[in-house]
Amino acid sequence: MTSLNIIKSINAGLRRSMENDHKVLIMGEDVGKLGGVFRVTDGLQKDFGEDRVIDTPLAESGIIGTAVGLALRGYRPVCEIQFDGFVFPGYDQIVSQVAKMHFRSGGRLRLPIVIRIPYGGGIGAVEHHAESPEAYFVHTPGLKVVSCANPEDAYWMIQQAIESDDPVMFFEPKRRYYEKAEFELDGSPPLPLHTSRVVQQGTDATVVAYGPMVKTCLEAAAAATEDNRSLEVIDLRSLSPLDLDPVYESVRRTGRLVVVHEAQRTLGVGAEVAARVTEECFYSLEAPVVRVTGYDTPYPPARVEDDYLPDLDRVLDGVDRALTY
Amino acid sequence: MTVDTAVDPAGGGAASEPELVQLLTPEGQRVPNEHYDALIDDIGTAEIRALYRDLVLSRRVDSEAVALQRQGELGLWASLLGQEAAQVGSGRALRQQDHVFPTYREHAVAWCRGVDPAQLLGLFRGVDQGGWDPRENNFHLYTIVIGAQTLHATGYAMGVQRDGALGTGDPDRDTAVVAYFGDGATSQGDVNEAFIWASVTNAPVVFFCQNNQWAISEPLERQTRVPLYRRAYGFGFPGLRVDGNDVLACLAVSREALQRARDGEGPTLIEAFTYRMGAHTTTDDPTRYRLGSELEHWRLKDPIERVKAYMVRGDMADQAFFDDVEAESESLAEHLRTACRQLPDPSPESIFDHVYVDPTPPLLAQRDEMKTYLDSFTDEEAQ
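One line per chain: the protein sequences are A and B, in this order. So for the first sequence, UniProt numbering puts the first residue at 1; every next one is plus one. So for the second sequence, UniProt numbering puts the first residue at 1; every next one is plus one.
So here's chain A without its partners, still in its complex pose (with noise of 0.2 Å):
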């Protein structure tokens, strides 16, 4: 058993990646020598070579876009955005590009590539440096999108994204990059890449919730104990696809259902899991489905993030909602 970080992990996750496949790239601003201005891939030039971890100019269309080329001739980068409010300039590489060669090639083309963000809020930070932009890209038909929620998951799935043939968007979730846990580096994952799981069991509501929400919610499951409630929380994993199968089998035995995450709430990721487990569970529901998330406003200034933010109170907020019924 190795006792790693999120940052560890990943980082790990991507020198076995490297170690296994020549055509393995990494390529991002600061990613060299700095190591990526949260370490992610810190030593990985040094051991690889900058041939391999590629210190880009400061354009993230261009980043996004050579990439493609990269891929094209056989290679399979996993590019680094610094942080999720500047992936919109490589936003149209990434929809018009990635998301379609596969398609518009009928089949010829593939696009083994990943792309890596750290995201959400909760750390303080300025402008641009908190955002959830997830849901733009599980609109976008071509992408896979998968967010990890700790040191485990981040090993596993940054391996299986880079295996993965089709495009991957890789949120990492920032805030929780420094918890630790302990597992085993070596063996097989213990899940395939787009499986949603069951994190914790319990019987009065289900709590969905993926990347840094799933610490939250399982925090407010803990809370809620006191008040003898059991709830069940499930870490999506995947958001494109999504594997909403443990979800509707969890809503069927609970009757309820409370999805959880940052990103604002319209057209969000718990809005298709709201209306999914409608179109599915609809006999078995005891009360709406409720949503707890960002609001939609522009991510606030770090004063009033945590007004913004859900936390355990407002998770614990929609479960009373929920139950009300």
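It is worth saying that the hints were derived from the structure and are not from the lab. Yeah, the Cβ is synthetic: ideal placement off N, Cα and C, and Gly gets one too. Any given hint could turn out to be false.
Unchecked claim - Here are the simulated distance ranges between beta carbons: (1) B:G314 x A:G74: 57 to 63 Å; (2) A:D47 x B:G189: 56 to 62 Å; (3) A:H139 x B:S376: 25 to 31 Å; (4) A:D306 x B:P362: 46 to 52 Å; (5) A:F282 x B:G189: 43 to 49 Å; (6) B:R30 x A:G74: 39 to 45 Å; (7) A:N20 x B:E330: 53 to 59 Å; (8) A:H139 x B:R288: 36 to 42 Å.
The hints should help you fit chain B onto chain A, whose structure is shown.
Positioned in the frame of chain A, the structure of chain B alone reads:
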């Protein structure tokens, strides 16, 4: 406004009018050039005939496609009329292993790469989004988002570097990459980012800009205050302007730039100074934004007529040759007409194919949903 061209190795000098590489005048006179003549010294009678044939046949592909659009067989066509020499000259400078990233107007380059012109029609007919295999001809799919492919080309060229496929001296291994784009694309961020990437990585990529003077209705003056080729110097690599209606000059400058790339000497920007004689696409009406006199001015610079005049003047072809090319052009047109109408419509369910390499369960469920819905009509009809 003054432009500092002191670092311009292509000979732009300080003159206000940029120097244009030209080897064949509009009247078909061969212009000797100390530097570039050596790059086309293998072009004898047989080779000039082959270039003439390429020019005529690619123009015929274009005119036939325009006709097919007018007949309702194609939803749209982007005509290359007037740009044949730029495309054939650069296209015939390529080697098998070189890789092309085109925009959506490179029909003559596709011709040079051996893509069946009928395969170009699928995109415009709406039956596919690129019916050819980019790996077979090293000719990538048409890219409609302006300039996006310049980054793909640069990234591909970075891959060539990592594969060690340049600077070895092996003519079958050393590889160059070409990105085609227009004057309008030079305003895009992606093109400027591609210039930066190519420059700082010394990537083996040739940026081939067909300056056809118009980006739909926007004239060149809306894109730049300096001659486009001179931008290259600001990015740290050479640029030059060539007469884009002169197939020999385009061949010569492309050969040189491609070889520079293959030798590991980095990128080059070629500005092929030409003119789009037709509309931007068949939906466009150029009479709303440009003068007939401009069209007449450029008609006198026609890329095919000057080669024909050169051949006749030099006794390189007789009437029988021109008749043969004309007959071949007729049969190519017939092939296009037939093949176009035979392009099969895709099945509705096929829209779910190839969204992913590894299809997702929700998408497969949607495919089943569509199939069940469509089958319900079949059942009703059967009853």
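Outcome of the hint check:
1. B:G314 x A:G74: 57 to 63 Å: Roughly 46 Å apart at Cβ, these two residues miss the hinted range, so it is violated.
2. A:D47 x B:G189: 56 to 62 Å: violated, 34 Å
3. A:H139 x B:S376: 25 to 31 Å: Holds - the Cβ-Cβ distance for A:H139 and B:S376, about 29 Å, lies within 25 to 31 Å.
4. A:D306 x B:P362: 46 to 52 Å: For B:P362 against A:D306, whose Cβ atoms are near 35 Å apart, the range 46 to 52 Å is violated.
5. A:F282 x B:G189: 43 to 49 Å: holds, 48 Å
6. B:R30 x A:G74: 39 to 45 Å: holds, 44 Å
7. A:N20 x B:E330: 53 to 59 Å: holds, 57 Å
8. A:H139 x B:R288: 36 to 42 Å: holds, 37 Å
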